[in-house]
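Trainee: The residues making up each chain are set out below.
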Amino acid sequence: MRTQPANRGLAALAMLVMLVMVGLATPAGAVLPDEVLADPALEARARSIGQELRCLVCQNQSIDESDAPLARDLRILVRERLTAGDTNPEILAFVTARYGDFVLLEPPFKPKTWLLWLAPAAILLLGAFAVLAMARRRGGRGEPDPLTPEERARVDALLAERRGEEPAP
Amino acid sequence: MRQIVFLVPLVLFLLLAGTIGWFMVESESEDRDTQALPSVLIDRPAPDFDLPPLAGIVPGLARADLGGKPALVNFFASWCLPCQAEHPLLMGLAAEGGIAIYGVNYKDPEADARGWLGKLGNPYERIGVDADGRTAIEWGVYGVPETFVIDAEGVVRYRHVGPILERDLQRRIRPLLAEFGG
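Protein chains in written order, with the working numbering: chain A, 1 to 169; chain B, 1001 to 1182.
I should point out that these hints are in silico values taken from the structure, not numbers from a laboratory.
Please note: incorrect hints may appear among the correct ones.
Stated by the list, open to error - Covered stretches of chain A (chain B as the covering partner; in silico rule of three or more C-beta atoms under 8 Å from a C-beta of chain B): (1) 70-78; (2) 95-109.
As the list claims (entries may be wrong) - Cβ-Cβ distance ranges computed for the label pairs, FRET-style: (3) Val1008/B with Ala93/A: 43 to 49 Å; (4) Val1005/B with Val155/A: 33 to 39 Å; (5) Leu105/A with Trp1079/B: 27 to 33 Å; (6) Ala1111/B with Leu24/A: 43 to 49 Å; (7) Ala1111/B with Leu105/A: 35 to 41 Å; (8) Pro1109/B with Met15/A: 49 to 55 Å; (9) Val57/A with Leu1007/B: 23 to 29 Å; (10) Pro1109/B with Asn60/A: 27 to 33 Å; (11) Met21/A with Asp1050/B: 45 to 51 Å; (12) Ala11/A with Ala1111/B: 44 to 50 Å.
Unchecked claim - Residues of chain A placed beyond 10 Å of chain B at every Cβ, according to the derived structure: (13) Val22; (14) Gly29; (15) Val57; (16) Leu116; (17) Arg154; (18) Leu159.
We put the beta carbon where it would ideally sit given N, CA and C, even for glycine.
Pulled out of the complex, with its shape left as it was, chain A reads as follows:
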């Protein structure tokens, strides 16, 4: 069956609309329409803050992704403080003052967490040193000792024997 030109135009238009809509779609998380701020810039900041804060009810989701009522309350609180003019660090500090560092999905860098942050680099360095030390030891062995006169004589004898076995050209 042949497609009519008019139909083809319609299909192309539908395809275009679909592509535009797919392109415009962003991960919605759990943010409900009534929470969204009118100011897109503030809402974008609210999203980025929401992705940094842990939902304490589910513990492995951010408040931006969680359907838990407490996550919703915290999302609204974040938006209230944004509207009131707080900076992002001020809002994070506000929530940490109540729920502790655990509420931050990325742990802060401070004496208590030095081990956490530095251990991977330290272990990597340690490994590099070990590899280096091993390589150096292997390299340090250097050239083998020269043959003693007896060994030399034996090698010569063996080589001569082998040569003797070869068929004459």
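For chain A, the structure is supplied; the task is to place chain B on it using the hints.
Mentor: Relative to chain A, chain B alone:
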């Protein structure tokens, strides 16, 4: 020297296995709940709040009511089954007297809360109604029930997450109350 180097991986493995094993045993022990989060409020003054009462039952609850004597601040809701589980324990504690038990009714329709207390009894000297859950956020509460032990200076000394069981009462809460109550 060579042989010792070959033992290094074995020693590292034993250390790792030992650590993991220790944590597994530790998390099974009764005194340590690995799910419970530490409260940042410990050894700090209780946060500021002022909540209206459940009309006609007992007065409301505000920051100013804390201090003077040791107290329990218990976040509860009628829709919360673990709250119902710990309720008889709070009733018993209230009957003994000596400490104040304050309630914060968390996100609960007033009629439900009133019905719940009417049916099960009211152990609370004061009840603040936290309809929007904002006071709970001030306290760092992440689920009901949660119970805070407040000393006579109004300082938060302990938080219990989840229903209070008899052993929690005996091991943790009673000794603390005795210590702060004088």
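Trainee: Next step is simple, just say for each hint if it's right about the structure.
Mentor: Status of the hints after comparison with the structure:
Given a C-beta distance limit of less than 8 Å, the hint that chain B covers the stretch 70-78 of chain A holds, as 4 residues qualify and 3 suffice. Counting residues of the stretch 95-109 of chain A whose C-beta lies closer than 8 Å to any C-beta of chain B gives 6; at least three are required, and the coverage claim holds. A hinted range of 43 to 49 Å for the beta carbons of Val1008/B and Ala93/A is consistent with their spacing of about 44 Å. Taking the beta carbon of each, Val1005/B and Val155/A are about 34 Å apart, inside 33 to 39 Å as hinted.
Against the hinted window of 27 to 33 Å, the Cβ-Cβ separation of Leu105/A and Trp1079/B comes to about 29 Å, which satisfies the hint. The hint said 43 to 49 Å for the Cβ distance between Ala1111/B and Leu24/A, and at roughly 45 Å that hint holds. A C-beta distance of roughly 39 Å is found between Ala1111/B and Leu105/A, which places it inside the suggested range of 35 to 41 Å. As the Cβ distance of Pro1109/B to Met15/A is approximately 50 Å, the hint placing it in 49 to 55 Å holds.
Taking the beta carbon of each, Val57/A and Leu1007/B are about 47 Å apart, not inside 23 to 29 Å as hinted. The hinted range of 27 to 33 Å is satisfied by Pro1109/B and Asn60/A, whose Cβ atoms lie roughly 31 Å apart. As the Cβ distance of Met21/A to Asp1050/B is approximately 49 Å, the hint placing it in 45 to 51 Å holds. Taking 44 to 50 Å as the suggested C-beta distance range, the pair Ala11/A and Ala1111/B does not conform, at roughly 58 Å.
For Val22/A, the condition that its CB be more than 10 Å from all CB atoms of chain B holds, with the nearest at approximately 37 Å. A cut-off of 10 Å between C-beta atoms confirms that Gly29/A is not in contact with chain B; the least separation is 19 Å. Taking the minimum C-beta to C-beta distance to chain B, about 6 Å, the non-interface status of Val57/A is violated against the 10 Å cut. Distance check for Leu116/A against chain B: the nearest CB is about 15 Å away, which clears 10 Å, and the non-interface claim stands.
Annotated as non-interface, Arg154/A keeps its C-beta farther than 10 Å from every C-beta of chain B; the closest such distance is 30 Å. In this structure Leu159/A is separated from chain B by more than 10 Å, as the shortest Cβ-Cβ distance comes to about 35 Å.
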